[in-house]
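Chain by chain, the residues:
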Amino acid sequence: MIVTRTWLNTFIDMRKVSDDKLYKTLNAIGLEVDSIKTYTIPPKVVVGELISCEKHPNADKLNICQIDIGGEIKQIVCGASNVVHAKYLAVATIGAKLGDDFEIKHAELRGVKSEGMVCSASELGLPALGDGILILDETIGKLKLGEELNNYKKLADTVIEIELTANRGDCLSIYGIARDLSAALQLSFKAVEYESQNLEKIGLARVAELKTPLPIKGSLKYVMADIEHICKSLIISIRLAFIGEQTVTILEDVTKYVTHTTGVILRAYKTRNFLLKEEDKISITASTKDAITTIKANGQDFSILGVSQNEDAKADDKTVKVLFEASYINPDILVNAVAEQSLKTDKLYYNTSRGSEPCLDIGITYLISLLERHSGCNFFDGSLSVEEEIEDYIITVKDTEVSGIIGKKIETIEMVKILSSLGFAIQSSSEDLFAVTVPPFRHDILNIQDITEEIVRIIGIDNIESKALRFTEKQRINETTIRYHARKALRIRATANGFDESISYAFSDKTLLQKYRFSLVKEELDIINPITEDFNTLRSTILVNLLIASKRNVSYSQKAIALFEMGTVFDTKRQEKEMFSLIFSGQKEGENISNAGKPQLINFETFTKKLSAIIGNFQLRSCTQHNALLHPYQSADIIIDNKVCGFMSKLHPTVASEFDLADTFIAEISFDALIPSHINATAISNFQGVYKDLSLVIDKNIPYHQIATSIERLELKLLKKYFPVDIYEDASLENKKSLTVRLFIQSLTGTLEDKDSETITSTIIETLQEQYGATLR
Amino acid sequence: MKHLEDKITQATTLELLEKVRIELFGKKGAIASEFAKLKDVPGPEKKAFAEGLNKNKTKLQKFYDEKYEILKKEEIEKILQSEAIDVSLYGNLESKGALHPVMATMDKIIDYFVALNFAIEDGPKIEDDFHNFEALNLPKNHPARDMQDTFFCGDGAVLRTHTSPVQIRTMLKQKPPIRMIAPGAVFRKDYDITHTPMFHQVEGLVVDDKGEVSFANLKSIMSDFLHYMFGEVEIRFRPSFFPFTEPSAEVDISCIFCEAKGCRICSHTGWLEVLGCGIVDSNVFEAVEYKNMSGYAFGLGVERFAMLLHKIPDLRMLFEGDRRLLEQFR
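So the protein sequences, as listed, match chains P and W. Using the numbering used here, you'd call the opening residue of the first sequence number 16 and step up by one each time. Using the numbering used here, you'd call the opening residue of the second sequence number 63 and step up by one each time.
Heads up, a few of these hints could be off.
Claimed, not checked - Covered stretches of chain W (in silico footprint by chain P; criterion: 3 or more residues with CB under 8 angstroms from a CB of chain P, positions within the stretch not fixed):
| no. | segment |
| --- | --- |
| 1 | 173-181 |
| 2 | 221-234 |
| 3 | 372-384 |
Claimed, not checked - Below, a sample of chain W positions facing chain P; criterion: calculated Cβ distance under 7 angstroms:
| no. | residue |
| --- | --- |
| 4 | K101 |
| 5 | L155 |
| 6 | S157 |
| 7 | H162 |
| 8 | D184 |
| 9 | N203 |
| 10 | F277 |
| 11 | F299 |
| 12 | R300 |
| 13 | F303 |
| 14 | E308 |
| 15 | P309 |
Derived from the structure by calculation, the hints contain no laboratory data. Because the structure is a prediction, the values reported are computed rather than measured. Beta carbons: idealized from backbone N, C-alpha and C, even for Gly.
Taking the hints into account, I'd like the entire structure generated from these sequences.
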């Protein structure tokens, strides 16, 4: 919503309100100022009157103009074709500076002297107003020859763009904003008044009628005018330019201008040729069905109230008899009906749907005054109207409740004063209760909190002192809080191990997920309006996003890329799961003095060590995942507390080359498995333990975890821990390998005897021999 | 005596000194041979002779000890010198990663509210119309729904457009008094220089009995919070509109880029809009069947906070895992 200072002045006296005060007040009352701009016309640009205009003898397109600039006639050569229609114009006299390096000087154009320049709007720094020079008229004020144009404040205006919130349809007009400002600035509000000077008028009722067989939703008012000629006026052109509206026809400009000024929705219709064959009477009927009011005239579609107008019925500048329609309908009823019936709406619907001005007389009066004053128009006497009977909406207000919501005592008298100035009618019923009748233009005010907001706006939030909340202490560490802290600790450990935290959109490209054999959210559950094809599905893995990020980093010449992300993924049933995903690509460390600038590439061992430093203890088993990112021989399930909770792998070399990556490792683990569980301490032995190494020769294909499982099942009490320390293969071993497992044997109750450890080792050897044919080396 | 002392003095290494020690103090050393002479000393002089010897021995021992300390020190110094390295070569070995500035900012925001005993709450990213809109006083066809371009799923579910549905879930699940924040990712169908289809919000809600929670309370905590985040800035509250709060306000801080003089970032207004807040609308309480309650709520965009705090120029860069940006926060 755009307003200008002088436009506001139509309704309130702005003379004592500085621009700064205006800016601050608008913001303070909830009308957020997006931008504020004051147009300044350079000095020495003055009002001139064209005395004569003749063709330049040596140039077809130039005119030699004699222009009176207040007691002085200047000869100025002008190239604009529309100068011939001008009476008053903007003249940049000698010495005027129209730009940083554009000063008007004495000139000679093809042999003819020129003492100045006739300017267009854009040359003066104003918004462009079509082709040609700016033609002045007295709608911007009484024109005085020689007067500097910058003194005409309707041209050199201050333009303010307001970001209007969705509830304030009442402020979609100059009138509405002026009404709010008058309350905030305590300025009296000027009513729109006009008495027609034309005496010979025909009564409208003689040529037209409005019939509503049943009560309708909404209000309508019609007036009709004979239009002899319709003039373009500067004030309307420049103000429509200020608000960024394109001009169409003069008539449409006028109705648009009246709507922007008063908030009343106006539409203009043809009558002759369209409705009237000869001199019949126009018969308008309106009826409502499912909250939508349809209007017909003489059987022809005319309009849908508040929604649209029949294009064929639209009046233009050639229309001689124009029927003007002002309308209002409660937006709360209208928007649902329009959406349900999928009606096509026109531009004005934006205003209707947010709440246009219900007092139709303001718009009609303003329209008549404009057209009768500045154009050759004669309106018929009277109007046709129908008004929806709407019961007053009354809210009972308890002053202590308002003060309670605000947190500051507001005196009843002050509340009453504020509400009255905003157009609310007040009836006092008892000392601390009063009834507030909501004006029809504030359909957004429904309860005491809305009333409180009005009071807060006008007294100003700055005038409410901050007060700390007193509250009852309560233990508030819940599951989510615990998860948050676990997540944060994990993230910090990841950074301590060289990974940068990344975030990516929770979307993915369906074809990529398919290509790499990840699951997809079921078609019927997936997004139906994705933003781009790259993000056309809910992701089922974070890894693809991390691969894309890594590829991008490679393109920025990064040689070591380590990223992690904590985020949501979705399974086929669209169940959400939080995953912790990591990628490590390229050099395992930076190029530096310790590796002579030639670091090795990341390998399984280094990646696993890093992972362990981040997530703690886990076991690795042959991978049971099936996605296509996996390296078939360097991938593993990650097992925590005997449960598979994720996987790690070298990135398949084919995929690596698709993403331009060097050796790369990936891991994706369910965050649920990484939340630390409660730990109870076990007894510590004070007796010395012994380490024993068992070197076993076993089949090449037997993975370590099978050996470990067999040992685990023996449940040997004295065997405190065991772990692989060496693996050896050579030709002499043929299909076998030598695996060395280190055992740690310790008793909780006494010193170990040789036979204790011998029993353990022999039990293990026997078992492994039986199960896997293991022999000692 | 003098010649014995000279021997000690002449030793230049611990090794040589050890030889001198054996020569002097060993079983067959000079001192021992002096004491051997004792048996030849006549009785009455024996005592004086022995005393003299002991005195000399003590003196010599002390002389030796001193020399030993000096040589020991020299020896260690030599070892130390041999181990000298140019430490300045080893700075910046780049072994640490960085938290993402958006996530780190979210942590900083969460720290504040957790310290004030707010609980952290969470909810699903895929929401239904009731929790995301209806219960928040955003009925169907409400013009305010236009403010939030929504991603829809085939079954009518939506990707949550704000963290506000967590308010509804928490109120339905728990009983007042409530003090909670809901941090997390939200989604809007908008993609340009200043909008990404996913971003992060932190939502806050406080609910207590009617009359307990006021706008003045909200103003107090929001001012304090913004000072905690941005330091000494001016704070401005502007009345605004959100369907789920009433009265509502938008909160601005004085521009931290131009010290409120007006610049491109603050659109020459001197102010930066940072959050929205308000008193919980009675329609929201009605939707969760709360009676006679009062409350305040607030919501903010974490990316905006991070960009302002760290002067990050480009929003979209935050979602690209770009190490050139991330490594700056190590």
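Here is what the structure says about each hint:
Counting residues of the segment 173-181 of chain W whose C-beta lies closer than 8 angstroms to any C-beta of chain P gives 4; at least three are required, and the coverage claim holds. Three residues within the 8 angstroms Cβ limit are the bar, and the segment 221-234 of chain W against chain P gives 1, so the coverage statement is violated. Here the segment 372-384 of chain W counts 5 residues with a CB under 8 angstroms from a CB of chain P, which clears the bar of 3, and the coverage holds. For the restraint placing K101(W) at the interface with chain P, the shortest Cβ-Cβ distance is roughly 54 angstroms, beyond the 7 angstroms limit, so the hint is violated.
With a least beta-carbon distance of about 5 angstroms to chain P, the hint placing L155(W) at the interface is held under the 7 angstroms criterion. The restraint placing S157(W) at the interface with chain P holds, with a minimum CB-CB distance near 5 angstroms, inside the 7 angstroms limit. Because the closest C-beta pair between H162(W) and chain P is about 4 angstroms apart, less than 7 angstroms, the hint holds. Satisfaction of the interface hint for D184(W) is found here, the shortest Cβ-Cβ separation to chain P being roughly 5 angstroms, below the 7 angstroms cut-off.
With 7 angstroms as the threshold, the beta carbon of N203(W) comes within range of chain P, its nearest partner Cβ sitting at about 4 angstroms, so the hint holds. Restraint check, F277(W) versus chain P: the minimum CB separation of about 5 angstroms is within 7 angstroms; hint holds. Checking F299(W) against chain P by beta carbon gives a least distance of about 4 angstroms; that is within 7 angstroms, so the hint holds. For R300(W), the shortest C-beta to C-beta distance to chain P is roughly 5 angstroms, which falls under 7 angstroms, so the interface hint holds.
The criterion of a C-beta within 7 angstroms of any C-beta in chain P is met by F303(W), whose closest approach is roughly 3 angstroms, and the hint holds. Because the closest C-beta pair between E308(W) and chain P is about 4 angstroms apart, less than 7 angstroms, the hint holds. Hint on P309(W) holds. Least Cβ distance to chain P is approximately 4 angstroms, under the 7 angstroms limit.
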